[in-house]
Every structure is written in C-alpha cells, then in structure tokens.
Amino acid sequence: MVPVSGALDQAHSAAAQAQTADAQQRDLDRAVNALRAISTMKADFTQTDRMGNSVTGELTLKRPGKIRFQYQEDTQLLVVSNGRSLYVLDYEVGQQQRWPIRKSPLGALLDPERDMSRYGKLVPTNNPDVVSIEVRDPKRAEFGTITMIFVRSATAPGGLQLTNWVALDAQNNRTTVRLRNHRYGVAVSDDAFKFRDPRRSSRRPR
Numbered sequence: 001m002v003p004v005s006g007a008l009d010q011a012h013s014a015a016a017q018a019q020t021a022d023a024q025q026r027d028l029d030r031a032v033n034a035l036r037a038i039s040t041m042k043a044d045f046t047q048t049d050r051m052g053n054s055v056t057g058e059l060t061l062k063r064p065g066k067i068r069f070q071y072q073e074d075t076q077l078l079v080v081s082n083g084r085s086l087y088v089l090d091y092e093v094g095q096q097q098r099w100p101i102r103k104s105p106l107g108a109l110l111d112p113e114r115d116m117s118r119y120g121k122l123v124p125t126n127n128p129d130v131v132s133i134e135v136r137d138p139k140r141a142e143f144g145t146i147t148m149i150f151v152r153s154a155t156a157p158g159g160l161q162l163t164n165w166v167a168l169d170a171q172n173n174r175t176t177v178r179l180r181n182h183r184y185g186v187a188v189s190d191d192a193f194k195f196r197d198p199r200r201s202s203r204r205p206r
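To convert, note that position 127 of the sequence shown is 127 in UniProt numbering; the numbers rise steadily by one, no gaps.
Honestly, I wouldn't trust all of these hints.
Unchecked claim - Simulated pairs of lysine-lysine, DSSO-like, Cα-Cα distance not exceeding 30 Å: (1) K66 x K194; (2) K194 x K121; (3) K139 x K121; (4) K121 x K103.
To be verified - Per label pair, the in silico range of CB-to-CB distance: (5) R180 x P138: 18 to 28 Å; (6) R98 x D191: 12 to 22 Å; (7) D129 x R200: 42 to 52 Å; (8) V151 x S117: 16 to 26 Å.
Just so you know, these hints were derived from the structure itself, not from any lab.
Small disclaimer: the values here were computed from a predicted structure and weren't measured.
Where a beta carbon is used, it is the ideal one built from N, C-alpha and C, also for glycine.
All chains, please: the whole structure from these sequences, using the hints.
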C-alpha cells in the first residue's frame, strides 16, 4: 500500500507535470501562431557559418512560403524561395542548387503549420520572455533541424518576435541567423522572389 503522503506527492507531481506540459504546448502554439500572423516582413540579418564567418543583408518574407536573403554587395550569393522550392544561387561560380521547401530546415519557417505543429518541441530557457522551439522530423534526418528563438513583444504579430535561428543541414553544417530592425506588413511584390539563373549570368539581381 502506498502511504497517504506518498500518494499525495505522486498526485502533486503528476499535476505539476501536466501543468508544465500545458504551458509548453501553449508556448509552442503561440510560436506557430506568431509565424502564421506574419503576412510580410523585412528585417536586417547577420548570418554566421560554422567557421565563424559572418555576412549581412536584408531578409524579405511573404506568405505563403516566399523568402529572400539579399546579401551585402560584395557577396555574390542569393537565397530565394518562390513558395515551392528553395534556391541557393552562387553568381561567383555560376552555380544553382535547389531543394523542395519541405526538405530544407527553413521549411519550418516557411510553412509553420506543417512542420512546427507536428515536429516542434519546446527547448527550456532560463528567461520567461524567451521561447525556443526545435523543429525536426525524426524519421527524416536529411531534412535537417532548425531551432528558432522568439522574444515576447507586444508590437510583433502574435506577441512573439523571431530574433534568430540556428539551422543544421543533413551534413551537420551549422548556420546562425540573427534578425534586427523588423518591419511588418510592408508592401512586397512577388517580383522580389524572382532571380537570374547564375549559370547564364554572372550578374546578381538587386
């Protein structure tokens, strides 16, 4: 027979675990809703690779599924998603790489309803104003992992502002992106997600 005090401790522990699980699910739901609430966004970014090399530029995001990383002038690189595929375009060497959105770690950012709601989990932080979400498909390691960091902000859609993320691709290459100077609801033409094929032109579009 379990002593009364022991039974009470077990009940309290179960209740605390249930409350924690509920709080985590609420934070996950808030993060998903915050991303869904962004119709368009522009932000300045700093991107750092695993070797510590950094470049800057401007990020443009438009629902559904469109994103553009316009790098600083001396970087002959462009990353664009047209809503279906993600392209990495290197105008210096004339190379183009393409992936379906769902096979990129950025899939969670571009399609939060599909990825974050099914494969996201809360990563504990020591700051109640910071929400960290890791998204990965355990059955599809080749899709990579993305960990997104949100800060509570009354001025951001959904009350959470995406401040940075860390992406790991299938080769375990780490890329960190930090955002600042967010602008929401700006006018963004679909032309922003068009590009010149680097295999035919060495000129990077602006």
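We went through each hint and held it up to the structure:
no. : hint                    : verdict
1   : K66 x K194              : holds, 10 Å
2   : K194 x K121             : violated, 34 Å
3   : K139 x K121             : holds, 15 Å
4   : K121 x K103             : holds, 19 Å
5   : R180 x P138: 18 to 28 Å : violated, 33 Å
6   : R98 x D191: 12 to 22 Å  : holds, 19 Å
7   : D129 x R200: 42 to 52 Å : holds, 48 Å
8   : V151 x S117: 16 to 26 Å : holds, 21 Å
When held up to the earlier numbered hints, the structure conflicts with 2, 5 and fits the remainder.
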